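Novice: Chains as they are written, first to last, in our numbering: chain A, 1 to 112; chain B, 1 to 141; chain C, 1 to 495.
The set of hints was computed from the structure by calculation and includes no laboratory data.
These numbers were taken from a predicted model, which means no experiment stands behind them.
From the three backbone atoms N, C-alpha and C, an ideal C-beta is built for every residue, glycine too.
Just so you know, not all the hints are guaranteed correct.
From the structure, some residues in chain C lie toward chain A, with a derived Cβ separation under 7 Å [as the list claims (entries may be wrong)]: (1) ALA102; (2) ARG157; (3) MET167.
With a Cα cut of at most 27 Å, we get these calculated DSS-like pairs of lysine-lysine [as the list claims (entries may be wrong)]: (4) C:LYS161 with A:LYS23; (5) C:LYS54 with B:LYS92; (6) C:LYS423 with C:LYS161.
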Amino acid sequence: METCMSIVVGILFAIGTYLILSKTLLRIILGTSIIGHGVNLLILTMGGLKKGGPPILGLQGITFTDPLPQALVLTAIVINFATTALFLVLSYRTYRVLGTDDLEQLRGYENE
Amino acid sequence: MKGLNDVILRTATKVVVVIILAFSIHLFVSGHHNPGGGFIGGLAFVAAIVLLFLVSDIEKVRNNIAVDFKNVTALGVLISVFTGVGGMIGGKPFLNQVFGSVNLPIFGETGMATGVLFDVGVALAVIGASLTIIISIGEDR
Amino acid sequence: MNNLIILPVIIPIITGMVLVIFRNNIWLHRFLSLLATVLIGIVSVLLLEQIRTKGIQILCLGGWEAPFGITLVADMLAVLLVLVTAIVTFCCLCYAFSSIGAERERHYFYSFCLFLIAGVNGAFLTGDIFNMFVCFEVMLVASYVLISLGGSRIQLRESAKYILINMISSFLFLVAIAFLYSMTGTLNMADLSVRVAEAGQGGLMTAVSLLFLFVFSLKAGLFLFFWLPGSYSVPPTAIAAIFAALLTKVGIYAIIRLFSLVFYHDPGVTHLFIGILAAASMVLGAMGAVAYWDIKRIITYTVVVGVGFVLAGFASFSLVGIRGSVYYLIHDMVVKALIFLIGGTVIHLTGTGKLREMSGLIRMYPKLGWMFFIAALSVSGIPPLSGFIGKIFITEGTFQSGYYWLGGIGLITSLMVLYSVMKIFMNVFWGYTNLTEDMQKGTTRGLLLPMAILTLLTIALGLGTEGIHEYVDFAVEGLMNPNLYIDAVLGFKGQ
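Just chain A, same shape as in the assembly:
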C-alpha cells in the first residue's frame, strides 16, 4: 500500500510541477494546490498506513493508528487553504489591475 501511495504522490508532484511551469497564473495556483495534496498524502504515507482504531481512551483491545501524521495533515490543509485563498484573491487583483495573468508579461521592467 505504501508503494502504491508513493507512486501516487509522485504523479501528483509531476502534475503540480507541470502546472507550475505553465504561464497562466490560475494554472500555477492549481499546480500549487495539487502539490499541496501530494505533500499531505506523503505525510500520511510516511507515518505508515496502518489499520487500527482511533487513539482514544476507553477503546481497549484494538491496535491504534499513529495520530500525529493526521494532526500534521490537518494543520497543513488549513495552512494550505489559507495561502491558496490569499493567492487566489491576489492573482485576481493582479488580473484586474494589470489586465493580464500571463507571467511572461509580468516580467520586471526597470521603469514603471
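Assemble chains B and C onto chain A, guided by the hints.
Specialist: Then chains B and C, alone, in the frame of chain A:
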C-alpha cells in the same frame, strides 16, 4: 446570479440551508470524541452561507446578516487565545484544558470541556475568514 | 514550566486582533502596536535574566510533556533575537507613523505587522519542528499581505512571484518533515537530536538534512536569493526594513538551530556545504551591490552579503566562529533595518533611487547624511561599530577551522560592500547640491527619531560589546553543546 432561471435552486435552498446549518452544528458539537470540530463545523456553516450568496444577492444576504465578518474572525481568534490564557492564570501551562462533568437539568450527566470554548473560537475564526475572502472576491465585478 | 515564553507570541496576536475590531481609530492602532512591541521587549529582558540565572526555560503547551506535546524552548540565542526583533519593530513602526500613509493604515497595516512579529517570535521560540513550520507560515502569510498592501502595479507583480516561491519552499519543508518523521518517529527537536545521535547520521539522514538546508536557504536568501532583490525593493520603506531585518534572519536562525542541534554529526559534508553556499552568496551579493547604481538594489544586495557572512561563521563550526555569527546576526538585524530606513528616506526626499540623479543631500539633511555614514561603516565592519566584533570573530573562526578561503572571501567582500555603500554616500550626500528648496519631495519630519535610535544602538553594540558579552557566550555555549538543550527539554519530568 439574478435573472437566471434557477427555480429549482431557489426552492431547494430553502430546505437545504437549514439542513446544512443543523449538520454544521452537529459536526461542531460532536468534535470532542468523534470526527468533527470547530474547523469542519465552521466550514459547513460557510457552505450554507455561500449557498445563500448564490441564490440571492450578496448584498441582500449581508443586509440580513448585519455582522462584519472581519470582526467575527478577530473575535474567534481572541476567544481561542484567551481560553489558552485562562490556564495561565491558574498557574498551569498555556492552553491547559480542563474536563469535567456537570449535571444539567435536561441532559443529565454531561461531559463538559474547556476545549469547547477553544473550538468556538476556531469555528468563528474559520467562518469569518472564509466569508471575508469569498465576499472580497465576489463583491467587485 | 514558564508561562512567560508564550507571551512574545500571543501579545502581538491579541493586539492585532483587537486592532481589527477597532479599525477606525488609527491613533489607537499606533499606540497599541507600539505598546505591544514594548511589552515583548520587557518580557524578553525578563526571560534573559531568568535564563542567565536558571538555565534554559521551557514551556509544555497544555501540560503535554516534552516529546509528545508542543514545547516552547527559550534559550539564550532565541530570546536575544526576540529582544532585537522587538527593538527593530518598534523603530520601524515609529517610522511607519509618518510615512506609510492613511490608506495602508486603514487596511490593517499594524495588525499584519504584529502577526508577522508573532510568527517570527514563534519560529525563534519553538522547540518542535512542525510548529516551526506553522510559525513560518504565520509569518509568511502576514508578509504576503504586507508586500501587496496598497496594490500598486509593481507590488502586485512582484508579490505573485514572492508568494509562489515561498509556497513551493513551504511544501518542500513539509516533505522534509515527512521524511524526518518516517526515519525518527518524532518531531520534537531535542528528541530528534537524541534519536539522530543514537541511530547515527547516515547518508539518508544527511540527504534529508540537505533538503532542510535547501528550504531554509530559500527563505534566508542563502545563495538562492534570486527572488530577494525584486521582492524587497517594492514594498514601502517601513515594510521593506522589517522584511530585511527579520525575514531572512528567521531562515538563518532555523539553519543554525537545526545544524547545531540535530544534524551536527557530519560537519565535513553539511557544514562545508553551508560554507560553500555562504561564500557563493557573499561573492554574488557583493557583485550585485557593486554593479548596481540604484540605492534600493544596492542595499538589498548587502542583505545577501550579510546572510552569507553569518553562515560563514557558523560553517566554521568552531567556538569563535559561532560567537562571531551570533554577534553579527544581532548586528545585522539592527543595521539592515537602519540602512533600509535611510535608503527609503533618501528616495522619499528626492523622488528617485538612481545614484547618478542625486547629489549633495548632506547640506540640507546633515543628520541623515551622518547617520548614513555611520550605518555604512557599520555594515562593512569598521571599528568601533557593531559589525566589527562579529566580523573579526567570524574570520578568526574560519581560519581556525582551516577554511582560509572562506575567511578570505569574507574579507574581500567586506571591502566590496564598503565600496558600494561609500558609492551611495559619495553620490547622494557629497557633491554640489542640485536639489533646491522647492524641488524636494518631502520632509524628514518624524522620520529621524527611529533612525537615530537604531544608529545609537549600532554604536552602543560596538562600544558596549562587553555588556552583551556574557549573554552571547551563554548562547554560544548552548549552540556548541546540544546536551544543554536536550537536558532542559527532555529532563523536565514531573513537577
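Novice: Each of the hints needs a verdict: does it hold here or not?
Specialist: Consistency of the hints with the structure:
1. With 7 Å as the threshold, the beta carbon of C:ALA102 stays out of range of chain A, its nearest partner Cβ sitting at about 20 Å, so the hint is violated.
2. Restraint check, C:ARG157 versus chain A: the minimum CB separation of about 5 Å is within 7 Å; hint holds.
3. A hinted interface residue such as C:MET167 counts as satisfied when its beta carbon comes closer than 7 Å to some beta carbon of chain A; here the least separation is about 5 Å, so the hint holds.
4. At most 27 Å may separate the alpha-carbon atoms for a hinted pair to count; C:LYS161 and A:LYS23 meet this at roughly 12 Å.
5. For the hint pairing C:LYS54 with B:LYS92, the CA-to-CA distance comes to about 20 Å; that is within 27 Å, so the pair holds.
6. With a C-alpha separation of about 30 Å, the suggested pairing of C:LYS423 with C:LYS161 is violated against the 27 Å cut-off.
Hints 1 and 6 from the earlier list are contradicted by this structure; the remaining hints agree with it.
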